[in-house]
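Asks: Here is how the chains run, residue by residue.
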Amino acid sequence: KAGVTQTPRYLIKTRGQQVTLSCSPISGHRSVSWYQQTPGQGLQFLFEYFSETQRNKGNFPGRFSGRQFSNSRSEMNVSTLELGDSALYLCASSLDGGVYEQYFGPGTRLTVT
Amino acid sequence: DAKTTQPPSMDCAEGRAANLPCNHSTISGNEYVYWYRQIHSQGPQYIIHGLKNNETNEMASLIITEDRKSSTLILPHATLRDTAVYYCIVRVGPGSSNTGKLIFGQGTTLQVKP
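Quick mapping for you: the protein sequence lines, in order, are chains U and B.
All residue numbers for the first sequence refer to this note's numbering, where the first residue is 8 and numbers rise by one.
All residue numbers for the second sequence refer to this note's numbering, where the first residue is -5 and numbers rise by one.
Because the hints were derived from the structure by calculation, they are not lab data.
Bear in mind the structure is a predicted one, so any value in this text is a computation, not a measurement.
There could be a bad hint or two in this list.
[What the hints assert, rightly or not] Listed next, with one range per pair, are the computed distances between beta-carbon atoms:
1) B/Lys(-3) - U/Pro113: 22 to 30 Å
2) U/Arg116 - B/Lys(-3): 26 to 34 Å
3) U/Thr12 - B/Gln105: 40 to 48 Å
4) B/Asp61 - U/Ala9: 38 to 46 Å
5) B/Glu8 - U/Thr45: 41 to 49 Å
6) B/Thr73 - U/Gln61: 35 to 43 Å
7) B/Thr59 - U/Pro113: 29 to 37 Å
8) U/Thr118 - B/Gln105: 38 to 46 Å
C-beta: ideal position from N, C-alpha, C; glycine also.
The shape of chain U in the complex, shown without the other chains (with noise of 0.2 Å):
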């Protein structure tokens, strides 16, 4: 069974610019969640996505954005790019949240310059 799957892997911009990450789950699974992981902060939760709908949402602006299409796949966005911006992004799959583990991908680096 494939893994997480994350694209692009790598990806530089610019601040000011916006970006879209996409992330397409394992097979089967309809929960995805989205992270990010930077020196200072550590590993922050975003947002979960189950069913095409926004379930969870963590403490983070609003230029930070995602959705879900009907084949589970998921995007997120970042607009109005930041220095700070600049971390590891995670996605990770699951059954359906709740107890069920979660399977990470391999993460997007982005670099904000």
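Position chain B against the provided structure of chain U, taking the given hints into account.
Replies: Okay, now just chain B, sitting in the frame of chain U:
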């Protein structure tokens, strides 16, 4: 979600058992204990989870105290590839609005030495 406390770092000799402790004294009755690990620059990897009873799988064993206020992850025969940051996470189960959310602390950096 209950908070967890882990030692920042631990060493273990290759081939020996690695015992990683976690305190979660404010855990609620419907909260599960999960363990993940993250090898440098990779996505976190699920290891094991439990509610009350001890659990074992092909990767590790999870020992939860009777009062559920602490737990220990055991890697029975640590190898160099087990060097990673290990996260102990307490999270609510079904029926909660936070069901899909994992709150990561700083974790324990386990260094397995030859």
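Asks: Now tell me if each hint is right for this structure.
Replies: Hints, one by one, checked against the model:
1. B/Lys(-3) - U/Pro113: 22 to 30 Å: About 28 Å separates the Cβ atoms of B/Lys(-3) and U/Pro113, which means 22 to 30 Å holds.
2. U/Arg116 - B/Lys(-3): 26 to 34 Å: holds (29 Å)
3. U/Thr12 - B/Gln105: 40 to 48 Å: violated (30 Å)
4. B/Asp61 - U/Ala9: 38 to 46 Å: holds (41 Å)
5. B/Glu8 - U/Thr45: 41 to 49 Å: violated (31 Å)
6. B/Thr73 - U/Gln61: 35 to 43 Å: Distance hint for B/Thr73, U/Gln61 holds at roughly 40 Å.
7. B/Thr59 - U/Pro113: 29 to 37 Å: holds (35 Å)
8. U/Thr118 - B/Gln105: 38 to 46 Å: The hint (38 to 46 Å, Cβ to Cβ) is violated, given that U/Thr118 and B/Gln105 are roughly 28 Å apart.
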